[in-house]
Structures are given as structure tokens and as C-alpha cells.
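Using the sequences and the hints, build the whole thing.
As given, the protein sequences belong to chains A and B, one line each in that order.
To convert, note that position 207 of the first sequence is 207 in the working numbering; the numbers rise steadily by one, no gaps.
To convert, note that position 213 of the second sequence is 213 in the working numbering; the numbers rise steadily by one, no gaps.
Keep in mind that the hints were calculated from the coordinates and are not lab data.
Wrong hints could be hidden among the right ones.
Identical copies carry no separate label here, and so any pair may be met within one copy or between two of them.
Said to hold, decoys possible - Calculated lysine to aspartate or glutamate pairs in the EDC-like style (CA-CA distance at most 20 Å, straight line):
hint, residue 1, residue 2
1, Lys63, Glu15
2, Lys77, Asp252
3, Lys249, Asp305
4, Lys138, Glu118
5, Lys188, Glu295
6, Lys23, Asp287
7, Lys188, Glu227
8, Lys142, Glu227
9, Lys188, Glu274
10, Lys290, Asp303
11, Lys188, Asp89
12, Lys290, Asp305
13, Lys188, Asp135
14, Lys251, Asp305
15, Lys205, Glu228
16, Lys188, Glu228
17, Lys251, Asp303
18, Lys275, Glu60
It should be emphasised that the depicted structure is a prediction, and the values quoted were computed from it without experimental measurement.
Number of protein chains: 2
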Amino acid sequence: MSVITVGTMAFDAIETPFGKVDKIVGGSGTYVAYAASKFVTPIQQISIVGYDFPQEEMDELKKRGVQLEGVEIVPDKKSFFWSGKYHTDMNTRDTLITDLNVLADFNPVVPDSYQGAEFLMLGNLMPKLQMSVIDQMKVRPKLIVMDTMNFWMEIAMDDLKEVLKKVDVLLVNDGEARQLSGEFSLVKAARSILQMGPKFLIIKKGEHGALLFHGDHVFFAPALPLEEVFDPTGAGDTFAGGFIGHLAKTKDISFENMKTAIIVGSAMASFCVEKFGPERMKEITQDDIKARLNEFVQLVNFDIDLV
Amino acid sequence: MSVITVGTMAFDAIETPFGKVDKIVGGSGTYVAYAASKFVTPIQQISIVGYDFPQEEMDELKKRGVQLEGVEIVPDKKSFFWSGKYHTDMNTRDTLITDLNVLADFNPVVPDSYQGAEFLMLGNLMPKLQMSVIDQMKVRPKLIVMDTMNFWMEIAMDDLKEVLKKVDVLLVNDGEARQLSGEFSLVKAARSILQMGPKFLIIKKGEHGALLFHGDHVFFAPALPLEEVFDPTGAGDTFAGGFIGHLAKTKDISFENMKTAIIVGSAMASFCVEKFGPERMKEITQDDIKARLNEFVQLVNFDIDLV
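Structure representation (C-alpha cells):
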């Protein structure tokens with residue numbers, strides 16, 4: 001069961017209350033690929049990098065079943081670079097530098113060898129590019145999941161709304177859900193967004209967990225209370241990777257299985273924040289993942305007698 | 001199984017984005033009593049009111065099994081009055097007026113008829129008064145639950161720490177847990193607070209749910225995503241009332257049963273915010289409570305295969 005993921009592969013410089021790194025590998029596509037490949041292969045990556053993106057990172061991804069035919073390498077430009085600084089609460093951050101570099105020319109092309117993929121993860125990108133990928137698919141994937149951000153709501157809302165009509169699952173944070181819908185209450189925001197196209201809406205609330213809305217149903221997945229959040233960068237993308245990875249592995253896109261997929265995504269995100277960059281994603285084993293999932297079961301499990 | 005509750009019975013004037021009320025019945029003790037009496041009776045109230053506190057409210061409480069022998073009525077003074085205005089997010093509020101009135105002279109006395117109660121709920125009050133109630137108990141209750149607030153941490157931290165040594169369960173919000181412990185991470189804050197005396201710590205996060213810590217165990221209870229939070233006043237006290245009411249009803253103070261009690265408290269709080277003041281507490285039936293508890297089960301229930 002193959003999964004196409006579209007997103008950035010980049011460099012990040014990050015400062016948190018726990019430390020600082022000058023230039024490490026990052027990008028939404030990188031995080032999604034590391035997380036999803038824990039559950040299913042191949043992951044069929046679509047991205048763009050410059051001459052400076054490390055070959056060892058490409059090799060590491062390939063070794064994990066990530067196909068890179070859809071990753072364009074631009075020989076005379078640098079990779080996308082983002083630099084940010086987190087505040088003490090780790091929920092807010094300032095962007096210090098955004099060097100688009102190769103990303104300014106990104107024109108994602110779906111290789112022939114990727115055609116027929118049943119799962120498509122559209123990372124946070126300009127809505128027109130997301131639409132272009134959907135349009136290139138000869139057979140519509142069984143499930144299209146889309147991430148986006150407030151920036152596109154500000155400068156490309158009409159394009160964004162066109163993409164929304166074509167996708168099955170939308171991933172946004174609470175602020176973005178409010179901005180997209182114009183509603184403050186998340187329940188009302190969800191009702192409004194579910195009228196825009198997606199049949200499922202996931203609202204990510206960072207350390208406060210995530211909500212899944214579908215019709216009149218709602219499911220809540222907590223975040224694991226952690227002693228220290230070392231670096232939140234990539235947590236949302238890792239969540240998305242675990243989510244779509246679990247769905248693709250189990251070949252089941254029911255609401256019931258999406259609940260489980262959200263717990264899986266939350267577990268993967270809880271690893272991601274333990275170190276800078278995607279390091280933890282490379283270290284963890286299947287046993288680590290199982291143990292972490294068991295912590296989530298313990299965290300929310302209760303008995304109640306409703307008779 | 002009787003429950004002693006100590007707290008204010010008062011008047012509130014409240015403004016929220018949804019409306020405004022000039023003078024309605026409120027007070028932590030009032031909310032606790034309404035919520036707890038849904039599960040167990042008698043509730044043995046300790047409080048103080050002025051000449052202006054409505055007899056009909058007293059009658060309503062009595063009808064529900066709330067004993068009022070410990071409620072002092074001061075014939076020549078007014079009841080405690082609080083006025084506040086909520087911000088749009090409903091998580092923050094400004095206090096506009098605090099008229100202590102009778103509360104300035106509050107000296108809680110445990111009536112002989114209350115002796116032998118197995119559950120004691122110490123509402124948010126000056127720590128010295130909380131300690132006085134504990135000291136008056138001839139036999140230590142099986143479970144002492146304590147609420148407090150940042151105000152007492154600022155002006156009476158030493159007294160507060162003395163009371164902490166005597167209680168089993170502490171209820172605070174996330175900001176208060178951080179202030180009390182000096183730790184930003186709630187996991188670290190909990191570890192530190194559990195060294196101060198309480199064997200159980202509940203950290204309330206409002207619309208983001210609540211965490212229960214005990215030893216190395218942690219349990220998370222979500223808040224129900226609501227279309228509209230009409231008035232959050234009293235939600236924390238209603239939570240506490242449902243929590244201790246369930247424990248007293250089931251006579252089981254294990255960690256496992258506390259998880260269930262927190263869900264019960266969260267369900268009661270979700271009703272409380274639907275109308276101004278304790279109105280909803282008076283209206284709801286046992287069937288309403290069961291249906292709401294079932295919503296909580298649906299909200300967090302998921303299947304996962306950990307084999």
C-alpha cells in the first residue's frame with residue numbers, strides 16, 4: 001500500500017529554552033516520511049532540494065523504504081532554510097529567517113511510477129501546488145489528507161477553498177480552524193469546515209491534544225504529558241506521518257480506525273519533540289512505539305458503569 | 001456516606017460574551033453542594049451568609065439533602081459578592097468587584113452533628129480556615145480534598161504548605177501548579193507537589209481537560225467540546241462536587257476510581273457552563289448525567305492492537 005507525500009525537505013536552525021542548533025535537516029516532507037515509513041512502505045516522496053542537501057539523509061530515507069524519484073535536485077541553488085526561536089511555553093515561536101531558495105521554483109511532478117498510490121499526504125504548501133498534485137493523479141487516491149496554515153488563508157484563501165473541495169481529511173491547528181471558519185467555538189468551526197469539502201477534520205491543539213470531527217461525531221486524543229518538550233519542530237508533520245502511515249498499513253479509512261490513527265500520530269509526535277530535528281524518528285524501534293502506545297491507553301482508560 | 005463541604009455561598013454579577021446577570025446566587029460551596037448531592041447525601045455544608053441570602057435557595061439545597069446547620073447567618077451584614085467579566089476565550093476573566101462582607105469574619109465551625117463524616121471537601125478559602133476545619137474533626141476523614149488559588153500562594157504560602165501536609169487530594173489549575181512548584185513542565189510540577197503532602201494531584205486545564213497524578217501514574221480526562229460555553233463561573237467547584245460525590249457514593253478512593261470520579265466531575269462541569277449560575281445543576285436529571293457520561297466514553301474510546 002503506497003503513500004505519496006508532498007512536502008519540503010529543508011534545513012532548520014532552531015533555538016529553544018533547552019538549546020540551539022545552527023543547521024539541521026528538517027522540512028515537513030522529511031518528518032512525514034520518517035514517521036509514515038515506520039508503518040508502511042513504500043513512501044513516495046515529492047519534494048525539491050538544492051545542491052547542499054546531504055546525500056546521507058537521502059540514503060537514510062531510501063533505506064527506510066522512502067522512494068525519492070519525485071524529489072527534484074536543483075544543482076545551482078540552496079535548499080529551503082527556516083530559522084525560528086521558541087518561547088518558554090513551547091506553543092509559540094518567532095520565525096527569524098525564511099530563505100525560500102529552491103522552494104521559490106517548486107513545481108511538484110508526480111512520477112509515473114507513483115501513479116496508483118492509494119494514499120496521498122499533501123503537506124503544507126501553496127494551495128495551487130497541492131491542487132496540481134491532485135490533478136496529476138490519474139486515479140483518485142482512496143484517501144487524500146491535507147495540511148495547510150494561516151499564511152495561505154491570508155494570501156490564497158480562494159485557492160485553498162478549491163483544494164478543500166477535493167480532499168478527505170484536513171489537518172489544522174485550533175487558531176487556523178477559527179480563522180478558516182470565522183467561528184470561535186471549535187465545535188462550530190468544525191461544522192462549518194466540514195461543509196467546505198473534507199469529510200474528516202483534525203484540529204491539533206499541541207500539548208492539549210487533538211480533536212477529530214466527522215459528521216456529528218467527535219473524538220479526542222490527548223497529548224502525552226512530557227517532562228520536557230525539547231524541540232516541537234516537526235511534531236505536527238510527524239503526527240500526520242503516523243496518522244496516514246497507520247491508515248495505509250491497516251487499509252481501513254473508517255472513522256473508528258481514524259481514532260486509532262490519531263493516537264498513533266500523537267505517539268509519534270511525542271517522540272519527535274524529545275530531541276532536535278528528526279533524530280528520535282531514526283532511533284526508535286517498533287517496541288518503543290508499542291510501549292508509547294500503551295502509555296496512551298493507560299493515560300485515558302477508565303471504567304464507568306452506565307447502567 | 002456523608003460529605004462535609006466548606007466554601008462560600010454568595011452573590012455573583014457576571015458578564016460573558018453571551019450576556020450579563022446583575023446578581024445571582026453563586027459561591028464555591030453552593031456549586032459543590034448542588035453537584036455532590038446528585039450522587040450522595042447528606043452533604044454537610046459549612047459556610048457563612050448575610051441577611052440577604054435567599055431563603056428559597058436554602059430550601060432548594062435542603063430538599064436535595066444538603067444540611068445547613070454549619071451555615072452561619074449574620075443578621076446585620078450582606079453576603080459575599082463577586083463581580084467579574086470574561087474575555088472572549090472564556091479562559092480568562094477580570095474581577096471587577098470583591099465585597100467580602102460576611103466573609104471577612106468567617107470562622108468555620110464544624111457542628112457536632114457533622115462529626116464522623118468520611119469525606120471532606122475544603123473549598124478555596126484562606127489556608128488558616130481550611131486548617132481550622134481539619135483540626136476540628138475528631139476523627140480524620142477517610143479522604144480530604146482541597147481546592148486553593150494563586151492568591152493564597154502570594155500572601156499565605158507558608159500556611160498553605162502546612163495544610164498541604166494534611167490533605168489527600170489537591171485541586172489546582174495549570175498556572176497554580178506552576179506557581180506552587182516553580183516548575184514549568186506540569187509533569188515536573190506534579191512530582192514536586194506530590195512531595196508536599198497530597199497523594200493525588202488534579203491539575204485542571206479548563207477547556208483542555210484535567211490531569212490526575214498519583215505516584216508515577218497519570219490520567220487525562222478531556223473536557224467535552226461544547227458549541228458554546230455560556231458562563232464558566234463555578235465550573236471548577238462543580239467539577240470538585242461531582243468528583244467527591246462519586247467517590248463518596250462508591251466508597252472507593254483508589255486511583256482507578258478517582259479516574260472515573262474525574263470523568264464524573266468533568267461531566268458535571270460541562271452542564272454547569274451551559275447557563276448562568278447553578279441553574280443547570282437544578283434542572284438536570286440522572287438520565288441527563290448518564291447520557292453526558294456516555295458522551296465522554298465516546299469521546300475518548302479507541303481500539304488499538306498492541307500485540
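| task | Would you list, in rising numerical order, the hints stated earlier that this structure does not obey? | result | 1, 2, 6, 8, 13
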